[in-house]
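J.: Chains as they are written, first to last, in this note's numbering: chain C, 83 to 207; chain D, 25 to 394.
Keep in mind that the hints are not guaranteed to be accurate.
As the list claims (entries may be wrong) - Straight-line alpha carbon distances no greater than 30 angstroms define the calculated BS3-like cross-link-like pairs of lysine-lysine that follow:
id: 1; chain 1: C; residue 1: K181; chain 2: D; residue 2: K48
id: 2; chain 1: C; residue 1: K90; chain 2: D; residue 2: K48
id: 3; chain 1: C; residue 1: K200; chain 2: D; residue 2: K319
id: 4; chain 1: D; residue 1: K319; chain 2: C; residue 2: K90
id: 5; chain 1: D; residue 1: K319; chain 2: C; residue 2: K128
These are computed hints drawn from the structure, not numbers from a lab.
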Amino acid sequence: MAELRFTKEHEWVRIEGDVGTCGITDYAQSQLGDVVFVELPAVGRKVARGGDAAVVESVKAASEVYAPVSGEVVAVNEGLPDNPAQVNQSPMEDGWFMKIRLSDAAELTAMMDEAGYKAYLATLS
Amino acid sequence: MADADHDALRVTPLHALHRELGAKMVPFAGYDMPVQYPQGVLGEHNHTRAAAGLFDVSHMGQVRLDGAGAAAALETLVPADIAGLAVGRTRYTQFTDVSGGILDDLMVTNAGDHLFLVVNAACKAQDIAHMRAGLGAVALTELADRALLALQGPLAATVMGRLAPEATAMKFMSFGAARLGGIPVWLTRSGYTGEDGFEISVAAADAEALARLLLAQPEVKPIGLGARDSLRLEAGLCLYGHDIDTGTSPVEADLVWSIQKRRRAEGGFPGAARIQAELAHGPSRKRVGILPDGKAPAREHTDIMDAAGRRIGTITSGGFGPTAGGPVAMGYVEAAFAAPGTQVQLLVRGVPRPARVATMPFAPHRYFRG
């Protein structure tokens with residue numbers, strides 16, 4: 083059973099075993115608007131929770147995508163840079179960014195689950 | 025200047041309509057303005073290039089100058105030939121300062137018995153004070169009771185032909201009065217997108233009715249400031265405060281075309297000594313188009329470097345060009361690097377990325393020249 087966790091910076095991570103698939107949330111993509119460029123990290127790169135991991139750009143602005151968990155990048159969504167609109171169309175599925183092998187599973191306990199993230203979004207409007 | 029305080033934001037006569045249309049509103053130059061509608065920046069950009077987009081630019085300043093000496097007086101503040109501007113014609117120019125920098129850029133129309141000026145929203149209070157101090161006996165009236173709409177795109181003339189057929193004969197950078205659905209307007213065949221189109225000055229009280237009439241035309245959709253920026257960037261047009269400011273001269277900014285021959289020779293405008301010297305000997309740096317080789321957009325303030333890694337300039341506007349199909353930018357480089365095709369590097373997120381100096385516009389101008 084995959085475990086879904088969220089950050090206050092609107093990234094999500096879906097945990098299967100010791101690997102987390104990461105992306106940005108539907109709220110994040112709707113705030114960004116049309117995504118026109120995605121830059122993904124190199125496979126093998128070590129990332130720290132909350133540190134820069136990827137870049138997403140709309141027509142108007144560039145935004146950093148932070149690593150929701152610490153670990154090593156073990157895969158990236160190779161097709162995404164050629165089809166960045168997937169971030170808008172399918173932020174939680176086809177529009178995933180990278181898979182990170184977790185170095186500290188304890189980080190997950192401090193993160194929001196889906197209900198917690200929905201409650202957090204409600205405080206933003 | 026722009027006031028960041030939301031409570032102090034001003035609104036245009038179309039504010040309620042923007043909200044009704046579902047616009048996302050942002051503070052811009054002291055006004056609460058639509059940055060995009062539900063269609064989104066990409067769709068709005070493409071719609072303007074394919075059909076016709078309606079922009080609310082009522083935040084801009086509209087000013088009339090009256091008096092026999094108005095043209096001669098205005099020439100003491102701008103480098104364009106205003107005395108030689110024919111009735112019914114419009115010219116782009118700049119207010120220059122004593123050191124040849126640009127205080128604002130503006131449009132000047134000879135409306136027959138007066139001059140009609142359109143200036144930038146963020147600069148309008150300063151521009152008006154500057155003119156009141158510098159224009160002597162010329163009577164200046166701020167037309168604060170008028171809204172300004174822009175109808176832009178290849179089908180703008182189709183729309184106008186339905187509402188005011190005589191307007192379709194107007195040529196680029198010409199001016200005339202008309203009625204649209206019975207509403208009296210002043211039309212200028214101009215815009216800020218590189219497309220054919222009209223800027224429409226209308227009494228504030230009539231603005232919403234006019235906007236609804238235009239939006240009821242099947243070709244027309246509302247367009248926000250987001251697409252306005254990507255459209256003007258592809259068209260190679262300067263955004264005041266970014267691509268031009270008091271630190272840039274019109275010659276550096278590659279706006280020499282806007283300084284007519286008589287004024288180049290005679291001078292007589294603020295900063296003429298520097299500007300004439302740059303016209304004679306060339307500026308030390310120049311505004312150019314920049315095309316990144318890859319897909320990564322280079323934003324404002326990105327450093328431009330030569331092949332050896334020496335900093336030779338800065339990006340002043342940059343982003344993704346939907347019509348160009350990739351990243352586009354403009355910026356200033358040392359004059360030796362200004363030739364189209366020159367290889368440069370852009371430092372984006374700490375990584376040097378190859379790019380080339382390119383001719384602008386990035387999307388062809390499609391003005392109606394008759």
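J.: Look at each hint and say if it fits the structure.
T.: Status of the hints after comparison with the structure:
Our distance criterion of 30 angstroms between C-alpha atoms is broken by C:K181 and D:K48, whose separation comes to about 33 angstroms. For a cut-off of 30 angstroms, the pair hint linking C:K90 to D:K48 stands: about 22 angstroms separates their Cα positions. Taking the CA atoms of C:K200 and D:K319, the gap is near 34 angstroms; set against the 30 angstroms cutoff, the hint is violated. For the hint linking D:K319 to C:K90, the alpha-carbon distance of about 29 angstroms falls within 30 angstroms, and the restraint holds.
Proposed proximity of D:K319 and C:K128 is supported: the alpha carbons are some 24 angstroms apart, at most 30 angstroms.
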